Amino acid sequence: MIELMIDSKTPFIDESLLTQTLNQMLCIEADDADLYAESGFSESLSMEEGRVKHVSASSHCGIGARVVIGEMSGHACTDRFDPASLKQMAQAAKSVAKAGKALPTIHLSRPNRSQPLYSQIDPTLSVNMATRKALLERIDQLTRAIDPRVKQVFANVSASFEDIYIVRMDGNVLHDARPLVRFNISVVVEQNGRRENGSAGGGGRYSLDELLNGSLPEYFAREAVRMALLNLEAIATPAGIMPVVLGPGWPGILLHEAIGHGLEGDFNRKGTSVFSGRIGERIAAKGVTVIDDGTIPNRRGSLNIDDEGTPTQRTTLIEDGILTGYLMDRQNARLMGMPSTGNGRRESYADPILPRMTNTFMLAGEHSPEEAIRSLKHGIYAVNFGGGQVDITSGKFVFTTSEAYLVEDGQIKTPVKGATLMGNGPDVLKKVSMIGNDLKLDPGVGTCGKDGQSVPVGVGLPTLRIDELTIGGTQL
Amino acid sequence: MSASLEKITATLTQLAMQKGAVDADAITVSNISESISIRHGNTESLERSDSQGTGLRLFIRKTNGVAFASASTSDFSAEGLQRLVDQVWEMAQISEPDPDAVLPSGAAHPSDEEIAIWKKEHPEHDEPWQTTQARDAAIACEAAALHASDLISNSEGASAAFGISQIAYANAEGFHAEYQKTSVSLSCSVIAGSGDEMQRDYSYRRAHAAEDLPSAKMIGEEAAMRTVRRLHAQSMTGGNMPVVFEPRVATSILGHLISAINGRAILQKRSFLSDALNLPIFPDFITIEDHPNHPDGLGNRLFDGEGTRCKPLTIIDHGVLQAFLTDRYAAGRLNSTPTGHASRGLTGDTSIGTSNVILHPGEYSPEEIYQDIGNGLLVTELIGFGVNGVTGDYSRGAAGFLIENGALTKPVHEITIAGNLHEMFAGITHIGRDLTWFGSMATPTIAFANLAVAGDDK
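Going down the list, the sequences are from chains A and B. Taking my numbering, the leading residue of the first sequence gets 1, the next gets one more, and so forth. Taking my numbering, the leading residue of the second sequence gets 477, the next gets one more, and so forth.
The following block holds chain B by itself, in its conformation from the complex (with noise of 0.2 angstroms):
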């Protein structure tokens, strides 16, 4: 199986140029997965899904330069590969040549010897888990959460899943390879209070494997104490205040800052970073990091969707912009080396996207930031999309913690806090020594010197 996916995407790449393409590259993408649900104790859905695509990018030469189109199809016979390329082939006759255009072929793939070090260090796994071992693990995680207290009155329950993909890329010069990629998960909702006092909140892990998850108790009791902890929350009196952001919500933060630093957004300035390369924009406490290939991480990758190899980025060092995050086409404009950045569907044009995102903790226990700050608010959940990549401009709905002379007190919500993104990473003041991974993020706790909360003035 997962010999031929890479010849499936060669193939393609083949076909494509004997059509008479100048160029092609072609990802395959095959996902095996698998998720139970269990409510109040019994099973609610067994889901199984096995899906496989195929995506080719097609560039032709046009008397005012190089036109591409693309299109992806789940149909692996040479008749359905054939039809693939003859319907990108019509579609690249409408393109309109870009004088920026970047051909596939040249980009910096990874060495056969890199190649061999990265399957070695990322064997290939026939199961992440098992079905009655993910369905126990979820049945004993929504168990403690209903045990944890008896404020617990309801269930949206628990889940366990776990999927196998494989990732294949390969171009018309020769380049082709693929990697493994497996991930399971964890979670659970459960509910407190009734009527209008009801109050919702979950806990949820992924890992590579079963047996990097923590346990399903410790997983169920963290949702019903985070559940159980928000109830009789009111909305609070609003002003200027210190924001502190858990490692859950402080993600999102990350996921902001790396939509700024896109390169295909700074080249058409949507960006409120546009002009802000190798300038300090955090405090020089901060530094982050893109990392492809951490143990805790689920975005490892060994090549990006054009195959360039992917490489450790320091994207803030002690709070300096260092890079805007490139494919190559936004790399060949903005005049820099690509960083490995390209993420790609089976069709489209590629986007930006990083694998793991990390921020280095601090020196900080939340507990001394909070004494720190004395008076303010804790969010741990937000809503809403109100954040503005072109102005930084941010907006959004909260709930969270009353922080009163140095402790949390009061759960608060039907809050909003607002600012502008840049004034805010200028303004943090404390970065938390508690690191916790998200998939593919990793934050601590992260305090902003100021923004405006809006409540109940009454």
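Isolated chain A, as found in the complex (with noise of 0.2 angstroms):
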């Protein structure tokens, strides 16, 4: 274990104005308490028509309060450091107590800490502006370069680095750095008159320079225009009730939306998942094992700590088809008697902690990728996603390709347009009859959006046959 020089950088908020609002908003009803304050700046640079034309940069100060009793809940929040505001924003989150009876005064104290999964520095320090601008030039003419028949291209990059500092009830202080980067790219293709559209992209929790630096952009360009060709071939897609085979990597987001909402603490304890009171129940396949991980070092969806200053895990949602466990926040964990899993998880300083998903994935199987399309004798092998969504109470999911082909007596045949797959949470992974060798994680494109808060997230999947989804297309 390896304790990490936090100190060496000057925090941003005064450890003795921490501890003054930490002492104010502290009562003896209350089972938890915490402040998050946070400093963090984004920046952002596009391309478009050719030019860079958008640079921009925003920077974010705040801190947020929160006084917990029982499943009562204060939170409030400041983006002014001066005592005055601070002391109303405690008061404000500790307006949930009734007596609100002051305890001892707390002081803080910081617990050591283990080696970080990812890089503890500014993503933008190693990439100027000036190289970002060059890099986003020479992906637009070689994008335009790669087929005459685009006509448009978007770029952007972007990077944001997050320094929070959580203080707990028991005056424990703990920090966490964050950086998080992204490249993107969509061109529109014309032929004949038809339009239409690619996009790809990725990024992670390192530097831009190991964004940049290297052959991914030229890859996601590459990408985009591929798939914005094949949509120009595209057919009207079948719809009604069908097999699909999945392929690996970012259509994981069946597992995001299929079962990995309805598994967060905040439903379960309330009961108005339909996992509720599942727990030992088969929901899956044999074979099906599904796993919410973040600790795997550099991912988008990872954390050292949660937003409430839990170290992250691995956790086991399915373990060969048996549902094994929830995600826990720590207000959610202790009403359920249960330990927190290191998923609560914020937004911002401004928003509640809810319990959400790091990088939810499931383990590999043995069949080979072409022995699951092969198995399929009339459907639908779907490659890639745009976004999808979740009735966590009915337990119905939907997702949407954005790359799809027909696939006729197990060979694979045209493209089809992008249609939305709906399918039933409690059922889906029970129709899972072939699971590849090929686990692959997303790119890092996940956006997870739950109350209105979005998170980083990322997903993974191997190939995975499905034996009835309803497909949303339009050839009946």
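If you're looking for bench data, these hints aren't it; they were derived computationally from the structure. From a predicted model like this one, the values you see are computed outputs, not experimental measurements. Some clues are possibly wrong.
Unchecked claim - For lysine-lysine, the following BS3-like pairs were computed, each having C-alpha atoms within a straight-line distance of at most 25 angstroms:
| hint | chain 1 | residue 1 | chain 2 | residue 2 |
| --- | --- | --- | --- | --- |
| 1 | A | K413 | A | K431 |
| 2 | B | K538 | A | K53 |
| 3 | B | K787 | B | K595 |
| 4 | A | K286 | A | K430 |
| 5 | A | K151 | B | K745 |
| 6 | A | K413 | A | K440 |
| 7 | A | K270 | B | K693 |
| 8 | B | K538 | A | K133 |
| 9 | B | K495 | A | K53 |
| 10 | A | K98 | A | K270 |
| 11 | B | K495 | A | K133 |
| 12 | A | K286 | A | K440 |
| 13 | A | K53 | B | K745 |
Stated by the list, open to error - Interface residues of chain A toward chain B, partial, derived using beta-carbon atoms under 10 angstroms:
| hint | residue |
| --- | --- |
| 14 | S42 |
| 15 | S59 |
| 16 | M72 |
| 17 | H75 |
| 18 | V96 |
| 19 | K151 |
| 20 | G240 |
| 21 | P352 |
| 22 | K396 |
| 23 | T420 |
Unchecked claim - Chain A side only, calculated, beta carbon under 7 angstroms to chain B, not exhaustive:
| hint | residue |
| --- | --- |
| 24 | K53 |
| 25 | S58 |
| 26 | S73 |
| 27 | G74 |
| 28 | A92 |
| 29 | R195 |
| 30 | Q389 |
| 31 | T393 |
| 32 | T474 |
| 33 | L476 |
From the three backbone atoms N, C-alpha and C, an ideal C-beta is built for every residue, glycine too.
Two chains, two frames, a set of hints: combine them into the complex.
Shown next as structure tokens:
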């Protein structure tokens, strides 16, 4: 275990103010209380119509206070760090307490920390703005040269860095620094008056140098063009129930929507999820093991500690088809008599903590991807997806293809237009009949929305055959 | 407080000009909001948030044109503002000049008289709601939902929220103004049934002030009614059929139209309506307008993100597309007059955003529409993001009710509906008279002639 030199940098908020604010909000009834101070910035460079037109940056700084009593919680936040604003925030957070009797004064302390999962350095330092701009120009030219049907190219490089301090009720101060970088490209192609688009991208918790100074941007550019050209040939998608083979990687969004959200602790504590009270039950076919793992180095969905200061972990949600666990934050875990799994997350200091996924994926099986495709007599092979959504109470979920093919007699035929695939969370994994040996994680593109809060996440999947999904095509 | 927002914004543009900018404008926003959630009669959470921010757009002259950059800060001290100016200045050096760039100066700002009239029509509130009254409303709302039916088995709770925003704009030519917006909301979500047979639905309303909200009881009972009627939903046999959207889901259709006539998307040919200006894209009984000063709308605004005065605009007149929505940049390149639709965050380029979008109501009650259609599907919920703005291809998950022999019968779910927006727009057969507001959008029931419905064919 290595202790990080977390104090080499001057914290953006004065420690005595944190101590004072914590003591102003502590009360004898509190089951939990914390402060979350955040200082972050983001930079973005966009290329469109052959020019770098938009350079933008934003920085923010703020603090959120929370007091938890049983099922109740009080939250307040401010972006002003003066003693009066902080005191007002502390009192607003504490207003859930009836008596509000103070505790003896707590002094801050810093526990030792282990090796971080990602760099603790500002990701923008490695590549200056001029170099980023030159890269976008090169990619723009390269993309247009791939095919004369490319009419529009949009590319974006963005990077953010967040410095957070969590002060817990016991006075422990936890720190994390979170880099996040992303490259994205989308193109519009045109042929005989028909226009289509394609996009690709990726990133993670590392430096811009690692993202930009290799072959990745060019790879994403070629992918975007390939997908757009493929869409020019796409025919109407069949409508109805069909077997589907999902490709490896990003199609793991299936897991995120179909079961991941339904296993979040808040819904299960309240009994509002279709998975409530089902631990130990079979909810998937034998061989299906699903993991949520916040500890994979450098991944977009990974965190050293969650936003309550709990170290992230590898949680088995489904083991060989049996439901084994939920995703927990501290409040829901306490109310359900379980430990937190390090999944308490918030978009920013201004938002409340919710149990959320990190990187959610299925372990590999034994089938080759070719075997799975060959097994389809008449079905869909879906390789890439846009977004998805779920109703956690009824269990119904959807996700939308962006690259998919019709398969006839085990042969991949023509590409089909983007269509929504729909299923029922508690059933869909029971209909898994082949699990590929090719587990892949997504390229680092996922953003999950819940209660209006967006957080970066990852997904992963081996090639997977599902015997029945509803295909929202137009061809009846 | 309010005087200082306008002043901070103006100061920022002056500092930018002193630094050497050729032009600059800035926007400053402050928000105070509170929300109270109740579940099973007890307080579940109290949230209070207080935030502010200012964003600067700074333009510089380069040998081959004008370039700009933008950035924001929440630090309003003199040093904080100067730091922001220095940062944006550095960033602008990297930006590529755009021969089509439009400087902020010269926009058609609201006149002093128009500002005075606006302030008179929209008097400032200190508090659109009181915490204790909001909490009582949420308690009453949830209780009404829980008591409305024995079939209600659980609650996701009720929530009451309110907030005040102050928005100020200034540019280097000396124009500066600000206005206030308030909003309150009350929502409730409950569950009926158990295990695999659970259904959830919700009801919510937003308004400028608490006195404009319907009663908590009405909102709670509506949430219960919506939830209970979904119980025992099943999939259905697919096919091509007429599909009716109730107002709540019909707002999404207005959203798809707005995205497709976004002037920036038109410039980039990222819209299936790129070539549709002045063409009939809806039947002639459809009129849609954007109204920036409507008593029922929460999207009212005095000026847009570039300080341009906002005026009512008929987007669709008897079926014909009248205008693309533009900021000054898009208008310049499309050779049209800016329509006052610049939407602006604290940083980043301006984008396109509407104020209040209203689809004018028709003559039918929803029941008359079902009777006319005979057999089809009423959609009450849509999920997923299967809409392709470039092609208009449309495919989403849905839930709702079968329409059989002119009346609603069984609840259905786990189905998809698909088509193409171009054909859907042109194929609207009925517009209801049940105009319903959802914040900054208002629409009645809409019926489409034909969509592909996929369900369980077994």
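Hint check:
no., hint, in the structure
1, K413/A <-> K431/A, "24 angstroms, holds"
2, K538/B <-> K53/A, "14 angstroms, holds"
3, K787/B <-> K595/B, "16 angstroms, holds"
4, K286/A <-> K430/A, "8 angstroms, holds"
5, K151/A <-> K745/B, "9 angstroms, holds"
6, K413/A <-> K440/A, "24 angstroms, holds"
7, K270/A <-> K693/B, "23 angstroms, holds"
8, K538/B <-> K133/A, "17 angstroms, holds"
9, K495/B <-> K53/A, "21 angstroms, holds"
10, K98/A <-> K270/A, "24 angstroms, holds"
11, K495/B <-> K133/A, "24 angstroms, holds"
12, K286/A <-> K440/A, "20 angstroms, holds"
13, K53/A <-> K745/B, "18 angstroms, holds"
14, S42, "9 angstroms, holds"
15, S59, "6 angstroms, holds"
16, M72, "5 angstroms, holds"
17, H75, "4 angstroms, holds"
18, V96, "6 angstroms, holds"
19, K151, "7 angstroms, holds"
20, G240, "5 angstroms, holds"
21, P352, "6 angstroms, holds"
22, K396, "5 angstroms, holds"
23, T420, "4 angstroms, holds"
24, K53, "5 angstroms, holds"
25, S58, "4 angstroms, holds"
26, S73, "5 angstroms, holds"
27, G74, "5 angstroms, holds"
28, A92, "4 angstroms, holds"
29, R195, "5 angstroms, holds"
30, Q389, "4 angstroms, holds"
31, T393, "4 angstroms, holds"
32, T474, "4 angstroms, holds"
33, L476, "6 angstroms, holds"
The earlier numbered hints are all upheld by this structure, with none contradicted.
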